[in-house]
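Asks: All chains should be modelled from the sequences, with the hints used to inform the complete structure.
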Amino acid sequence: MSKTYNVNEKGYYGDFGGAYIPEMMYANIEELRTKYLKICSEEKFQKEFNDLLKQYVGRPTPLYFAERLSHTYNTKIYLKREDLCHTGAHKINNTIGQILLAKRLGKTRIIAETGAGQHGVATATVCALMGIKCIIYMGEIDISRQAPNVARMKMLGAEVKPAISGSKTLKDATNEAIRDWINNPIDTHYIIGSVVGPHPYPDMVARFQSIIGVEVMDQLKKTEGTENPDYVIACVGGGSNAAGLFYPYLDNENVKIICVEAAGKGIDTGKSAATSILGKEGIIHGSKTLLMQSFDGQITEPYSISAGLDYPGVGPMHANLFKTKRGEFISINDKEAMEWGLNLSRLEGIIPAIETSHAFAVLDKKKFKKDDVLVFNCSGRGDKDLDTYIDYFKL
Amino acid sequence: MSKTYNVNEKGYYGDFGGAYIPEMMYANIEELRTKYLKICSEEKFQKEFNDLLKQYVGRPTPLYFAERLSHTYNTKIYLKREDLCHTGAHKINNTIGQILLAKRLGKTRIIAETGAGQHGVATATVCALMGIKCIIYMGEIDISRQAPNVARMKMLGAEVKPAISGSKTLKDATNEAIRDWINNPIDTHYIIGSVVGPHPYPDMVARFQSIIGVEVMDQLKKTEGTENPDYVIACVGGGSNAAGLFYPYLDNENVKIICVEAAGKGIDTGKSAATSILGKEGIIHGSKTLLMQSFDGQITEPYSISAGLDYPGVGPMHANLFKTKRGEFISINDKEAMEWGLNLSRLEGIIPAIETSHAFAVLDKKKFKKDDVLVFNCSGRGDKDLDTYIDYFKL
Amino acid sequence: MNRINKILEEKNNILSIYFTAGFPEIEDTEKIILKLSECDVDMVEIGLPFSDPLADGPTIQESSTIALNNGMNTKKLFIQLKNIRKKTNIPLIIMGYFNPILQFGIENFCEECELAGIDGLIIPDLPVDVFKENYQSLFNKHKLLNMFLISPQTSDERIRFIDKVSNGFIYMVSSFSITGAVNSFGKNQIDYFKRINKMNLKSKLLIGFGISNKDTFNDAVSYSKGAIIGSAFIKFLKTNKIENIKNFIDQIRG
Amino acid sequence: MNRINKILEEKNNILSIYFTAGFPEIEDTEKIILKLSECDVDMVEIGLPFSDPLADGPTIQESSTIALNNGMNTKKLFIQLKNIRKKTNIPLIIMGYFNPILQFGIENFCEECELAGIDGLIIPDLPVDVFKENYQSLFNKHKLLNMFLISPQTSDERIRFIDKVSNGFIYMVSSFSITGAVNSFGKNQIDYFKRINKMNLKSKLLIGFGISNKDTFNDAVSYSKGAIIGSAFIKFLKTNKIENIKNFIDQIRG
Ligand SMILES: Cc1ncc(COP(=O)(O)O)c(C=O)c1O
Ligand SMILES: Cc1ncc(COP(=O)(O)O)c(C=O)c1O
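Going line by line, the protein sequences match chains A, B, C and D.
Note that our numbering has the first sequence beginning at 1, numbered continuously upward.
Note that our numbering has the second sequence beginning at 396, numbered continuously upward.
Note that our numbering has the third sequence beginning at 791, numbered continuously upward.
Note that our numbering has the fourth sequence beginning at 1045, numbered continuously upward.
What the hints contain is simulated information worked out from the structure, not anything from laboratory work.
Incorrect hints may have been included.
To be verified - Below, a list of computed lysine-lysine pairs in the BS3-like style, where the Cα atoms sit at most 27 Å apart:
#1 A/335 - B/528
#2 A/44 - B/556
#3 A/168 - B/449
#4 B/549 - A/222
#5 B/764 - A/221
#6 B/563 - B/549
#7 C/865 - C/922
#8 A/161 - B/789
#9 A/168 - D/1279
#10 C/1025 - B/556
#11 A/280 - D/1279
#12 D/1120 - A/280
#13 B/556 - A/47
#14 B/439 - B/563
#15 A/222 - B/442
#16 C/922 - B/430
#17 C/1028 - B/405
#18 A/394 - B/549
#19 A/47 - B/617
#20 B/528 - A/394
#21 B/563 - C/1028
#22 B/439 - A/221
#23 A/221 - B/442
#24 B/563 - A/394
#25 D/1279 - A/161
#26 C/1031 - B/675
#27 A/370 - B/442
#28 B/556 - A/394
Replies: Take a look at the structure:
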């Protein structure tokens, strides 16, 4: 087989991936690893998954040609409208898949970590849909900066548990969720929210999210006569929305991949979340990947104005895209991202999540040709971020 | 021609409708009246409208079979998922239509009134999309109880002007918008947000919203083998989401129509917005219809916990549905509506707008048969109402 | 002959004053009308207050809210008017929105107007077409003139139609402006006045909206039979005694 | 013979104590180890503090945070340990997460362990499979034992595999519980201890997680070679002087 940027049978993307987990998680991870492909390929599962994506989530999401934006930047810009998904971001594609899997594994209790709260809301949503108990771990800082999403989780009947250790953001919420799973290995399934964690999570989540890219191929074929854009561009926190968009293009090197990371207050300020530039190889949350860490391997507290990008690691798929140079990595600071939140609102009537805003800022960083076809993953809507926007711009 | 519940050529639904407007508005209304049907039926307009609904708004919205809800109430319940529309409610179907119309009329400035803020956001959105100046009138009370939507309008570049007269809610915002139009008759188009106001607004808005019902026919045909449900059910503020759902069924009396109004603190408390029960025939905002008023014709200040239903009138189509008994009118108080907000969140993972919650409360008011097919218009999502929910339930 | 038509025939530079019935105090209606009659005022428009006066600006809306809070309503106004008519012969016009009139019962309303010696009505949200079809004969029966508005937007064709239906004066709205005082007219407005004058309508024209002082009054009457002052007078009443109304009128008539 | 294996052969009712290096104060590592050696303690597990100890509970996490804030790191720990090894012969195990070890360089790390007289390692997030494939020979070269964990969820098949790879003791996680003290074991735990005992593994078993007092210690050792106490000891250190460690040990051995 020729070179692939997808996962291999051992759970690695090049040098990255694997499952570096305490033995107490082994049985659960092993159960997943041995069953996920089989379950997910069952016809009944596929039908249920696709029906829910269609009827409940509202897929296919549009591939919207952004006329004013394209005109302003003199290139062809498409937006994959994951912001229109039920609950407001791509995250639900994955939670729908995992809840169906969890049911088939006989689990009756769901846990999840969340940063921006989008994955927490998406998890609480599918748990309500299925009538399953749900506990969400969320960093104490994120609880206060993403209040609307906390409210939504509570409306949906989930219990939101604050993670009060470390930086009190996504990484710590993830630690807490893992601890919960270790304590509750029998009845509980852990729905990880991005393409991170031990194998098979990165691959499993990427597969559930790959619907994004698969739809783009189909949609682009209709408008541009080809399935292949020149660029696919997405913000990268853990990397799930990016993985979803890139998935069918991974091994097609005619399609250029751009990953956009959060520079926070700036790469050199010590207040950043630009993992590819600042990170080194190591182990985080059970996966060998790039992560931000001190010289002696302590995980660094990251910083970004967007809670969903405020993670010191990155999925192993993306670590490999970086190392192999298959993907171009661009980092965007808080200010640039915030301004793009306003730009997109004013130019296209779409208020993006701050995570998503980062992706669009690439337009000011890189020159594209008039005929280039760019597909941006418009990963989520900005409703959860209104307070931040309003404060920032004194609107 | 046989009896119809749709508008006649003079702009009346039975006894209701018409255009009771000051002469200063005549030229604008007359321009609309003589041109709207022609413009809207042009192929180019239709294509642009439908393309935007598809690519930008995310239509068709799903017709979702609510399994747990159906099971709980032992009947077949479908939700028309207008909550998945871009900006979070059905309102944008209308604003897309009207902005295209306004462009063809050569208007360069848009005004609108808003209650819940959904119509304001939908208007600000299409104005951003088209790069047209936008001013939104909103009651001072609504500005404070729908803060997230105010923030969204500002992000989108609209100017939000507080209406400080009267009850400081939707009716007063409408007065202010009308005054603005009288003062700016040449460059300005007024995008009314519901099936209210002088002819041709009710018919024009109903036509733009009729996509809802048209899609339902198609979708229901696929799942139930018939285009016709037994019941179509929607909340009624001005009546646009209801009109959109009912439109293709108006003259098909096999399909029963249920309109759900806001009883506020209760029909007899003086704090209510149940227009059909409490209203008398009269004139409001240029239309002959039912409205809540004192013995000497002063318009009453309505009350509902939901800003979008807090309107003392109702569209003339609905007044006629009430008078002719074609529609059944049920009123739901604040408490019942709020509880249904929680019910739907917990049973189906969908947090509805408080307006929308009213519709679902019908399930506790009326017994349906096991085989009945009910289509609810899930008119909007509850993101804008989180503060109200959280306060109410002390979550 | 109707008192309004008589004035329109006999006089030029007609000054018509609008005020809101029941403002500032509920019993001021009579005092104000009698005072206006004593001054050099030719006609009085009595505003029947309405909760949602969408063709009016903030000054009149505010006065309406106060009048309603004072307890003013249609029945009470007619009681007041019947008394007033005994004491003055000045032409009286009721300006009111259509809904309160509908609720009172439109036949009832016209009857009461006749009994109270009202000469005409201005109902801004009753379009001429609806009036002609449904209410003209009723108005005629009760000897009530109905005055229509025209604005710079009104087409020539429609103005001719209004002129035909009209049996009193035509209320020429000065600008794209809901009621509210301005300091002088602009070129657009003057052009519009000229255009209408050239049409040689059978109906006399009165100009209203935005007239606040001697200058705007004089400008207005140079293109019309007369002018109507509303907001500026309401503003005056907010800070001046009724006894001093003459000062306001003198300053206009100058 | 490795000190750990020696103890495992010679003794029953083994008591192994875990503490976090650099806690409560950076220079306490030596004092604590020497004090433990003086008491009736058979083995010491030295926690190399990590920012994200996901297999540990709040007590150990907190002690790790304090130790890191005190300036503890891998290099510093080895300097301390080299001194300590001169003063005691007690078996010493480093328990650390894999990432800090990787960053130090795993060969480097093993070399330093050997130089410091470390007898074994517990790396909770280094799975046995990865260890066997990549690191076993390196560990052997530096005479380091690697201890693996098993939990009630671990399948018999996997336990047998672990037993085969293992050359020290098997760390039997008592319950579905990340580290943290409990008062007594339940039926499920006892059943699990019995089940494992019946397997007749070649490796000796030590039970850890949740052991806090005489009762749980005695229960544990009745199904194993010995037991490991961590959180309970850390808690003790938070409010007691190092000189008084004997009180803690006596109360367990009691
Ligand atoms: C809208 C949105 N985009 C992007 C992200 C980043 O996550 P990922 O990189 O997994 O897509 C988040 C995380 O919460 C999000 O909410
Ligand atoms: C979600 C939602 N539903 C219903 C309504 C009521 O309006 P209408 O009756 O015109 O549909 C509103 C008004 O803002 C709304 O936001």
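Asks: It remains to establish, for every hint, whether it holds in the given structure.
Replies: So, going through the hints one by one against the coordinates:
no.	hint	result
1	A/335 - B/528	holds, 26 Å
2	A/44 - B/556	violated, 53 Å
3	A/168 - B/449	violated, 41 Å
4	B/549 - A/222	violated, 35 Å
5	B/764 - A/221	violated, 46 Å
6	B/563 - B/549	holds, 20 Å
7	C/865 - C/922	holds, 26 Å
8	A/161 - B/789	holds, 17 Å
9	A/168 - D/1279	holds, 23 Å
10	C/1025 - B/556	holds, 24 Å
11	A/280 - D/1279	violated, 35 Å
12	D/1120 - A/280	holds, 22 Å
13	B/556 - A/47	violated, 49 Å
14	B/439 - B/563	violated, 40 Å
15	A/222 - B/442	holds, 16 Å
16	C/922 - B/430	holds, 25 Å
17	C/1028 - B/405	violated, 44 Å
18	A/394 - B/549	holds, 10 Å
19	A/47 - B/617	holds, 16 Å
20	B/528 - A/394	holds, 20 Å
21	B/563 - C/1028	holds, 23 Å
22	B/439 - A/221	holds, 23 Å
23	A/221 - B/442	holds, 20 Å
24	B/563 - A/394	holds, 25 Å
25	D/1279 - A/161	holds, 24 Å
26	C/1031 - B/675	violated, 40 Å
27	A/370 - B/442	holds, 26 Å
28	B/556 - A/394	holds, 17 Å
In this structure, the earlier hints numbered 2, 3, 4, 5, 11, 13, 14, 17 and 26 are contradicted, and the remaining ones agree with it.
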